[in-house]
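Both chains come to you apart, so use the hints to assemble them.
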Amino acid sequence: NAGVTQTPKFRVLKTGQSMTLLCAQDMNHEYMYWYRQDPGMGLRLIHYSVGEGTTAKGEVPDGYNVSRLKKQNFLLGLESAAPSQTSVYFCASRETSGWYNEQFFGPGTRLTVL
Amino acid sequence: GQQVMQIPQYQHVQEGEDFTTYCNSSTTLSNIQWYKQRPGGHPVFLIQLVKSGEVKKQKRLTFQFGEAKKNSSLHITATQTTDVGTYFCANSNSGYALNFGKGTSLLVTP
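Note that the protein sequences, when read in sequence, are chains A and B.
Going by my numbering, the first sequence opens with residue 1, and the numbers climb by one from there.
Going by my numbering, the second sequence opens with residue 1, and the numbers climb by one from there.
These are calculated hints, taken from the structure and not from any lab test.
Don't be surprised by glycine CBs; every beta carbon is placed ideally from N, CA and C.
Check each hint, because a few of them may be wrong.
[What the hints assert, rightly or not] Some chain B residues near chain A, calculated using beta-carbon distances under 10 Å:
{"#": "1", "residue": "Gln9"}
{"#": "2", "residue": "Ser92"}
{"#": "3", "residue": "Ala97"}
[Unchecked claim] Where chain B lies over chain A, by a calculated footprint (3+ residues, C-beta under 8 Å):
{"#": "4", "region": "72-81"}
{"#": "5", "region": "101-108"}
Chain B extracted, bound-state conformation (with noise of 0.2 Å):
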């Protein structure tokens, strides 16, 4: 399947400071997916881009979908202790299955 590589690994952050995950391919994406999934529990669906150049927002994350359509960001600002987890983008060319990112853990401070 097509691969997303998302950067960074891990971030450590205090909590109010500004967090953001990336995720890149090589190659064009029809569409792009986030997810969150909390230490110990299941991924959770947050939101899908399709567009180029698209820009959601949900309260306090910021989804963006490059003009090219090879790359995906999400911004939190001012991160709380409710947004510690793991983030994976995921993308499905193929209309049938998805293909996850490695994902990025936050870790957030109080």
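So here's chain A without its partners, still in its complex pose (with noise of 0.2 Å):
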């Protein structure tokens, strides 16, 4: 198994470009979740979803939409990128049964908007 896999690994965006970064997981997880890691600030939760074709806000959702199509796949996307948003991206899943609360992370995007 794979488990939590992120496409791209690195991306350098000027501003008022686009992106999507792709998340994959193969662990058959309901929940997924998309962080951002800045120095000295933690993890802080942009968007996640409970399901197929659900969504739902974090702590710092503006200026990012997701969409979750397929189980699997959890897409983040940015319509237009601000230097603000250059940041680390990590994706996460997990399981949803019981308290059992452990989350798998992706090996992260690092993301620089010029």
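Printed below as a string of structure tokens:
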């Protein structure tokens, strides 16, 4: 099993450009998450999904959109990138049973917006 | 979301010294998770605590959940260079998403 994978690993954008980050998991997890990580800020939740076709806003959703058309994939879109969106983006997934909340993280995407 | 505060923000120790990081909340937590992130890597789950006063050990790592369920700690005995990284606590009162602390970065020099 590959676990959680993210594409691309690195990207440089110019202000105003758009892009989509792809997250895929092969563990049949219902819940998926997108986080951003900035120095000294920890991990902040952007959006999450509790199942195929559903999405919800997290702590910092502005400037991002998401889609969960297939259970195994969770896409994060930036319609008009801004320098403030320079960050490392992590996708995660987890099972839904009980209180066992272990989240499995992907390797991350390092995005720079010039 | 419910905020968890971590202290210290950074810790630099000599190999063999002990290390402790603390996670505090102003309100009662239903559970606490700990993650480790190596430099350049991604967070990896270490453990979850759910019971008041719970103590769990993983080799040289000891995790505690306070009696009032408002604080937690991670203690590493006799640190090694492989312990380098950032340690995050997180809680999930909603059942859906985790709220992460800002982490404690540990540097171990040989």
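Quick rundown of the hints versus the structure:
no.: 1; hint: Gln9; verdict: holds (7 Å)
no.: 2; hint: Ser92; verdict: holds (5 Å)
no.: 3; hint: Ala97; verdict: holds (5 Å)
no.: 4; hint: 72-81; verdict: violated (count 0)
no.: 5; hint: 101-108; verdict: holds (count 8)
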